[in-house]
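These protein sequences, in sequence, are chains A and B.
The numbering used here applies: residue 51 is where the first sequence begins, and numbers increase by one.
The numbering used here applies: residue 43 is where the second sequence begins, and numbers increase by one.
One or more of the hints may lead you astray.
Derived Cβ-Cβ restraints for the label pairs, each shown as a range [stated by the list, open to error]:
hint	chain 1	residue 1	chain 2	residue 2	range
1	A	Arg113	B	Gln100	43 to 53 Å
2	A	Thr55	B	Arg99	42 to 52 Å
3	A	Gln67	B	Lys110	28 to 38 Å
4	B	Gln56	A	Pro120	51 to 61 Å
Keep in mind that the hints were calculated from the coordinates and are not lab data.
All figures in this text were calculated on a predicted structure; none of them were measured in a lab.
By construction, the Cβ of each residue, glycine as well, lies at the ideal position given by its N, Cα and C atoms.
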Amino acid sequence: DAGVTQSPTHLIKTRGQHVTLRCSPISGHKSVSWYQQVLGQGPQFIFQYYEKEERGRGNFPDRFSARQFPNYSSELNVNALLLGDSALYLCASSLGQGTSEGYTFGSGTRLTVV
Amino acid sequence: GESVGLHLPTLSVQEGDNSIINCAYSNSASDYFIWYKQESGKGPQFIIDIRSNMDKRQGQRVTVLLNKTVKHLSLQIAATQPGDSAVYFCAEIRLTGGGNKLTFGTGTQLKVEL
Numbered sequence: 051d052a053g054v055t056q057s058p059t060h061l062i063k064t065r066g067q068h069v070t071l072r073c074s075p076i077s078g079h080k081s082v083s084w085y086q087q088v089l090g091q092g093p094q095f096i097f098q099y100y101e102k103e104e105r106g107r108g109n110f111p112d113r114f115s116a117r118q119f120p121n122y123s124s125e126l127n128v129n130a131l132l133l134g135d136s137a138l139y140l141c142a143s144s145l146g147q148g149t150s151e152g153y154t155f156g157s158g159t160r161l162t163v164v
Numbered sequence: 043g044e045s046v047g048l049h050l051p052t053l054s055v056q057e058g059d060n061s062i063i064n065c066a067y068s069n070s071a072s073d074y075f076i077w078y079k080q081e082s083g084k085g086p087q088f089i090i091d092i093r094s095n096m097d098k099r100q101g102q103r104v105t106v107l108l109n110k111t112v113k114h115l116s117l118q119i120a121a122t123q124p125g126d127s128a129v130y131f132c133a134e135i136r137l138t139g140g141g142n143k144l145t146f147g148t149g150t151q152l153k154v155e156l
């Protein structure tokens, strides 16, 4: 059984561009959460989606958006990229909205903005 | 505001010794506290959690202690092995039912010396 898969694994973008990151949750998991992890820091919560609806949003600007599809996969979109958006973007899936043990993280997408 | 922070950025231990990683938190409303292990190039991996109404929980080679009086959390790893080398994060979660987010600390780098 596959774990959480994220694509692409690495990405280089130029300031001002747009990026779309993708996540496929574990089969049967209905919730996907997105986290941003800047080098040397802990992951920061961006969004949680459950049953295709946004259930939580972190302290990120409107340039960040996401959606969840009927098959429970998810996309994270970032517009007007800034150098400070360079980070590892992690997706976590859970069966429901999540207890403490229920989150499984993918290996992330490493985004570099130049 | 809410925060979960770690005392030491780097911890070096000899193989076979016990490791203790500490964490301070400020959010008294947390429902669970969780320890994650993150190896290079991978997403965080769940190690063990503790409900906020408990003070100790043991797993395989790991023990988590929670001291609510001083808002302190620790992870003890027995007989540390080279494979334990990684960054360890403490995190907390409050289960609101309307979107649950993990709040991570900065992390401690554990280095196991042979």
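Status of the hints after comparison with the structure:
1. A:Arg113 - B:Gln100: 43 to 53 Å: Between Arg113 (chain A) and Gln100 (chain B), where Cβ atoms are some 44 Å apart, the hint holds.
2. A:Thr55 - B:Arg99: 42 to 52 Å: violated, 31 Å
3. A:Gln67 - B:Lys110: 28 to 38 Å: With a Cβ separation near 47 Å, Gln67 (chain A) and Lys110 (chain B) fall outside 28 to 38 Å, so the hint is violated.
4. B:Gln56 - A:Pro120: 51 to 61 Å: holds, 52 Å
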